[in-house]
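Engineer: Below, each chain spelled out in residue letters.
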Amino acid sequence: MTAVDMPGKPKLNYLNCDKSIKSWLLTLDHKRIGVMYLIATLTAFFIGGMLAEVIRTQLLVPKGLIFHATKHMSSFAAYKHYNQVFTLHGIIMVFMVLIPIIVAGLGNIVIPLLLGAKDVAFPRLNLMSFYLYVGGAIMAIVSTIAGAVDTGWTFYTPFSIQTETYVCFMVGGIFLIGFSSIFTGINFIVTIHKMRPPGMTWFRMPLFLWGIYATSIIQVAATPVVGVTLLLLILERTMHIGFFNSALGGSPVLFQDFFWFYSHPAVYIMILPAMAIISEIVPTFSRKHIFGYEFIAFSSLAIALIGFLVWGHHMFVNGQSAELDTIFSLLTFLVAVPSAVKVFNWLATMYKGAIKLDTPMLYALSFIILFTVGGLTGVVLGCIAEDVVLHDTYFVVGHFHYVMFGGTMIAFIGGLHYWWPKFTGKMYNETMGRITCVLLFIGVNVTFFPMLMVGAEGMPRRYASYLPQYQPYMIVSTIGAYIQLVAFLMMAGYLLHSLFRGKKAPDNPWGGATLEWTTASPPSHYNFDDTPLVIEDCYDYSNVKYDESIGGYVRTDVPATTEPAPVHA
Amino acid sequence: MSEALQVGANPEVVKKHLAHHFDTMQQQFDAGKLGMWLFLTTEVLLFSGLFCAYSVYRALHPQIFQFAGEYLDPVSGLINTLILLTSGFTMALGVRFAHTGNRKGLSVCLILTMLGGFGFLGIHGYEYFTKYQERLLWGTNYHPLLGPDHQKLLPPAGLLAPLARPTPVEVSPWHHLKLLKREGFNVAHSSIVPAPVGPAGVVAKMKRESAPGPYSQPNNVQIFFGAYFLMTGLHSVHVIIGIILMIWLLARNLRGEFGPSYFAPVEFVGLYWGIVDMVWMFLFPLLYLAH
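Those protein sequence lines, which keep their order, are chains A and B. Numbered by my numbering, the letters in the first sequence go through residues 1 to 569 in order. Numbered by my numbering, the letters in the second sequence go through residues 1001 to 1291 in order.
I should point out that these hints are in silico values taken from the structure, not numbers from a laboratory. Yeah, the Cβ is synthetic: ideal placement off N, Cα and C, and Gly gets one too. A few of these clues could be false.
Taking CB as the label site, the calculated pair distances span [to be verified]: (1) B:GLY1256 / A:PHE500: 51 to 57 Å; (2) A:PHE76 / B:SER1055: 49 to 55 Å; (3) B:GLN1026 / A:LEU330: 43 to 49 Å.
Working from the sequences, and respecting the hints, build out all of it.
Structural biologist: Structural data, given as structure tokens:
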């Protein structure tokens, strides 16, 4: 393959250099693997989202609109289907969407570009991660067809040992996805350590890399524990090993400890990369240097570290001792500190900046608002006395969705819009983007704010039916879910439209100063013609000026390069 | 590391082994090594979950570990420990030979290490087999074969058990002494009178853990055997993977691929084997010396 332009032909890039199916399925190119991850995770997101619409539709009436007692079916059997639906929604969204979508999807595409590298450190391992993910997803599908799991996404024992649904297949699939996540984490840690270009010291790295670095540490350090926990659960069901079965002398609470030792840090696997995206978008669209670079960088590491020490706050009402409750509660409050550091730094970055309200920036602003609501309700739940009342109510559901949907997914969509011109080479319709963002923001709040209110009034989560007094809240929440559906359909429409009919994207449409904007859109197979030399600050926008003739930004200073990279024939 | 400085000295090796996205062999080697260490961290964490479960149950039910620990044979455990230590030494020596380009030495070391792995698995398989014979298994499969008076468990079966056990029912004096000693550690029953049930004055009969006596076994002994089979089983799987990696290395070495300027795979498998050794160094005292 050659990067030399052929006269009369379009410039070769990673998308058109080889178009065969095989070249995609066996590719070692991080950009193609990232695109495949995006397709896979967005498919999972579509399925999980449709399940969410089923849940919301069911809850329109107190007895349940879809699953309810009929002449042929008892309410017990009907409501079991509801349990299966919300379980699948949770499993798909957590393990197949939120965890991989930013790190493995967007991260794969942009990390080497941000580093000025040709690829990640271990391209084969990268492809293997993807296929482990696909294998896990196939196992999950098999389990769903054979007998969809009804345990909730947490698989709490003893019910997960007793239920006759296909827990083993599902758990086995998640085990594989876990290993996919571990390998991605290892790959990115090594890439960030060893593949930085000359001149890029740790504190000249774009903040996205700091966020991914902290995330990868959690992935590497926490996922093995859930791996062994899920393995134990499989052995529990198949060989009756008795570790989590009190009838055999085991402890079901130990399962919860193990599970949350991973699954609480896992929510930081989901939110840290989201924050990392916001740290890129906010300075670019404020045309102003990021405020408090070191604080944002270290707050990522602080969240990763403290995140390991708070899992007990899921078990305040599960017979944990009062001393442990107090310690876990205090540590939980501590997580709020680095999170708030980030929020204040983003606000300070925007202060007196020349803010451009393009679509990615609108998503970044939505993120800051929604994440703040989600974060503060989290502090409410971290307070023991309040948690005893709010535990297992819709308040928890509202909090989690504000953080995970209003946080992670909104930031992901922002990042997708930010880097879309870079990796597709096409511009989407800006007006449609803005309208959709506003609609989605309204939809999220209309869906999840009533959940906080109805939870505070005591409505328990995971129930297929409810008392009539809660119905007004439930109807509003369902309307919000439909608004979100409309917004997502619009988004799918204009993004797909842009792929075929979109304007050609300039190399630097937003005026970013990080390295990925110095290469072509879409990049060539090897990303950069020359290995870049980093001497400038990647948040200094004084030399990045808008050029009317190409519709994008250009550097007014000539970027220095080292000797040309060796030619690969 | 002085050897690492020579990495990439040979242009032929560079052409053959340097991946397109690295600038130098040194960078590639360093990246691989860091990746391997991170992977080994996850391996340790995988086991740490089991170690954690072990500690929790040991703290909750010390009597189980006291009792059941005697049914593992420390002698075969010790032999296995020595085997693994020796194979760890031969592996390290092999890595050294790879650095210095001694291909024959590397082959010999790989074969010796492999033999160590097989020896370890053999002894371990025999232990599993005797445990199976006595039904000292995990969870619901724990049905120990009892002596004729239904109180004596069979004596511990060790490596030499078939020789020392012409009449399986008889308890060896050595074991008898230990069982008597253990009586001193028996947990005393509560002195609080159980709450009356039924008509006033009628006290329910207290449930004893089992019949008293020197051979009484505590409840839930299967927890110990669950831990034993899980931890050693997961470790044995790693030994098997290690042996497969040795075969792969041996094949590549016989093709003459390794030398002073390219030895990364040998080095990384060596690190892996070190972790396998290290995990066993923790498993041995925790399980075999539990009593």
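Engineer: Does the structure break any of the earlier hints, and which numbers would those be?
Structural biologist: 2
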